[in-house]
Amino acid sequence: MVNWSPLGKLILVIAILIVNITVDSLLVTFVTLGIGLALMAYSTNFKIPFLIFLAILEAFVILIFGAGVISVNGTDSTQVIWDTDFLWMHFHMTVESFNKAWLILFRGTAGIAVMLAFATSTPIPHMSLAMKQVHMPPELIEIVVLIYRYAFLLLERMEAMWNAASSRMGFNGARTYINTVAAIAIGIFIQSTNLSDKSQIALDCRNYRGYFPVFSEPAKMSIKWVVVIVALAVGVYYFGRYTEGWIDMAHILLGV
Amino acid sequence: MSLLEFRNLTYSYNSRQKKPSLDNVSIKVEEGRRTAIIGANGAGKSTTFYSFNGIFKPNAGEVLYRDRPLVYTKEALRELRNDICVVVQNPDEQIFSSTVESDVAFGPMNMDLPREEVDRRITNSLEMVGMSEYRMRPSTQLSYGQRKRVSLAGALAVRPKVLILDEPTAGLDPQMSREVMELVDELCCSGTTVIISTHDVDLIYSWAEDIIVLNHGDLIYSGEPEGFFSDAAKTASAGVARPHTFSVNSYVSKIRGKEEAPYPRTSSQFVAKMAPEGTVGGKIRLIPVQDKAEAVQTSGHVGVYGYAAKKALKEADISADYLFDALEMCMQDAVKGLDSVLYCDATMYDMAKERIEALAKFGVKAEVVQ
Chain H
1 MVNWSPLGKL
11 ILVIAILIVN
21 ITVDSLLVTF
31 VTLGIGLALM
41 AYSTNFKIPF
51 LIFLAILEAF
61 VILIFGAGVI
71 SVNGTDSTQV
81 IWDTDFLWMH
91 FHMTVESFNK
101 AWLILFRGTA
111 GIAVMLAFAT
121 STPIPHMSLA
131 MKQVHMPPEL
141 IEIVVLIYRY
151 AFLLLERMEA
161 MWNAASSRMG
171 FNGARTYINT
181 VAAIAIGIFI
191 QSTNLSDKSQ
201 IALDCRNYRG
211 YFPVFSEPAK
221 MSIKWVVVIV
231 ALAVGVYYFG
241 RYTEGWIDMA
251 HILLGV
Chain V
1001 MSLLEFRNLT
1011 YSYNSRQKKP
1021 SLDNVSIKVE
1031 EGRRTAIIGA
1041 NGAGKSTTFY
1051 SFNGIFKPNA
1061 GEVLYRDRPL
1071 VYTKEALREL
1081 RNDICVVVQN
1091 PDEQIFSSTV
1101 ESDVAFGPMN
1111 MDLPREEVDR
1121 RITNSLEMVG
1131 MSEYRMRPST
1141 QLSYGQRKRV
1151 SLAGALAVRP
1161 KVLILDEPTA
1171 GLDPQMSREV
1181 MELVDELCCS
1191 GTTVIISTHD
1201 VDLIYSWAED
1211 IIVLNHGDLI
1221 YSGEPEGFFS
1231 DAAKTASAGV
1241 ARPHTFSVNS
1251 YVSKIRGKEE
1261 APYPRTSSQF
1271 VAKMAPEGTV
1281 GGKIRLIPVQ
1291 DKAEAVQTSG
1301 HVGVYGYAAK
1311 KALKEADISA
1321 DYLFDALEMC
1331 MQDAVKGLDS
1341 VLYCDATMYD
1351 MAKERIEALA
1361 KFGVKAEVVQ
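Chains as they are written, first to last, in our numbering: chain H, 1 to 256; chain V, 1001 to 1370.
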C-alpha cells in the first residue's frame, strides 16, 4: 500500500469519510470500518506499535464517552427510554438519541480505522506531495507535515518514558498507574517545546525550505483510481440511503 | 586566511540569562586543520556550532566565513549551509524521513540537484558509512548506531566543505567509533575541514591538531592540545579530564626522569617511546588502492584502511585481519618488530605514510615499503 498513489489514497480516504458522515446508516459505518480494517491489515499486517494502539484506545474511549453524552441528551418529545436528574440538569435517553449515539460511535471508529490505514501507509513526503497536488496552501501543508512528524517524535519519547516508568515499578496498582500516566503526559507536554526547537534546528542545518522534497516519486494517480473512488463512494452512498434505519440498536439491545 | 572565525562573539538564548551562552569569544578555525571543541556540559559547544552555520545570530560581535562576515538573509544562509553541515548528536532529531534513502536524499534535494546526481550521492554516502544494504529500510527499524550512521550519510551527501560533528561517537560501540573516525580521516584527506565536539578526550587527543576549550561560555584555550593538557589546574577548572595517553606519558617520564616531549598521542607512539633504545621497527607495506586490490604474499597481518580500500578488498575477496583502526594496529605491529601489509585508500596514502614515519620521532623507525 506504501507504493499506491498517495493522492489516490488521500482522495479515497476523504471520499469514504464524507460518505460515512453524510449517510445515517449503521451498515455504512460497518462497511467503512471493514474498508479501514482491510486496508490497515494490508498495509501493516495489524502489527501496530503499542503506542499507536494506545492512541487508538484513547480515541475509542473518548468516542465512547462522547456517545454516552449524546445518548442521554435526547429531547423528551420522543419516546423516552430512561431519564434522570443530576444537579440542575435533566437527562433523557430516547430511542432516537440512543440510536444516534451508536451511529456516532461506529462512525468515529470507522473513521479512525480509515485514517490510520492512510497514516500507516503514507510516508510524510508522500503525504505532502499529495496535498501539494490538490493545491493546498504550502503553509498548511508544512503545518500538517510538522505536526505529523512531531506527533511521532513525541510518541517515541513517550514510549521511552513509559518503559523507564515501568522499570521503576511505576505501574504497580491503579493509583500509581494513574499518577505515572499523568506524570508522563505532563513530561511530554513540557518536553514538546524543547523537542520542536531541536528538530527545527536540525531541519535548518539541512537547508530545510518549508517543504519536503520527494526523491523516490510515488505512483501517480491514474484514471483507475478515479473510477474506483467514484464507484465506491456512489455505491456506498446509495447503499447507505437504502439501508437507513435497518438496524435499530434500541430495539436490539433494549427491546424498545 | 582562517576558514571560520568568531570576533568577540556574544550570544544569549534570552535576555533573562545572567551570563551569555557565549561571552565575548574570539576563535579561529583554519582550513584543513583537524579541530576539536571540548568543554563540560553547558560550556557553549552547541551554541558555537549553530553560530558557525548561522542558525544563531550573535547579539554582539561577528562570525566570519572565509574572512567574510555572515549575511543572515535566506539566500546567503542557504549557500552557507550547503558549505557548512552540522550533524547533531541525537540522530532522532535529524532523521526526518521514513526511509533511509529519502532521508539521505533530503539535503541534496534541497540543493535542487538533478535526480541522477542525488542518486549517486545517496549510493556513495551510504557506502561510506557502510549502510548500503539498508537503503530502502524504514528509518524506524534501525538501531541507534545505524541511525547515527544514516545521519552522517545525510551530511556527507551534501558534500560540505566544513563538516561539524557533535559527539560523533557517543553511543557507538568501539568498532563503530573507530570506523567513524576513519571516515573522518578520509574526509580530512579529501579536503573537508572537520570540526568535532566531544567529551571523549582520548579520542580527541589522538585525532585533533587544534583544540578549542570552552567553559560556561568563555574561551579557555585555543591551540595545540599539549598546551592545554599540560596545565593540570586549567584542565580541571574547565571540567575536562586529561587524556589517558597524555597522563601515562607524563607519569612515566617523571619516574624515568625524562622529558615529556615528544608527546605520544596514540598507543603505538607511546609504546615506541617506551621501547628500549635501538629497537628495530617492522616494515609496513603500504598499498594504495584506487578501485581494485590485488592479493599479496605476507606472513604478517593484513589491514585495510578507508572505505574504497575496504570495498576493493571485498570485491577481490581478499581477507584482512584488521578491518578497523588498521593503521594504528599495523603501527603497533611495527613497534613490536613485526611486518604487516596495509591496503589504504589512495587519498589517505600520504597521511598514513606520514603517521608511520612519525614513529621515528618516538624512537622506533618503521619502514614504509610500497
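Hints should not be assumed to be uniformly reliable.
[Said to hold, decoys possible] Taking lysine-lysine and the DSBU-like style, the derived pairs with C-alpha atoms no more than 35 Å apart in a straight line are: (1) V:Lys1361 x H:Lys198; (2) H:Lys198 x V:Lys1028; (3) V:Lys1074 x H:Lys220; (4) V:Lys1234 x V:Lys1074; (5) H:Lys198 x V:Lys1074.
By construction, these hints were calculated from the structure, which means they are not laboratory data.
Remember, it's a predicted structure, so these values are computed and weren't measured experimentally.
Status of each hint after checking the structure:
The suggested pairing of lysine 1361 of chain V with lysine 198 of chain H is violated, with an alpha-carbon distance near 46 Å, which exceeds 35 Å. As the CA atoms of lysine 198 of chain H and lysine 1028 of chain V are separated by approximately 26 Å, the hinted pair is consistent with the 35 Å bound. The straight-line distance between the Cα atoms of lysine 1074 of chain V and lysine 220 of chain H is roughly 33 Å, inside the 35 Å bound, and the hint therefore holds. A threshold of 35 Å between alpha carbons decides the hint, and for lysine 1234 of chain V with lysine 1074 of chain V the separation of about 41 Å lies outside it, so the pair is violated.
Restraint check: the Cα-Cα separation between lysine 198 of chain H and lysine 1074 of chain V comes to about 20 Å, which is no more than 35 Å; the hinted pair holds.
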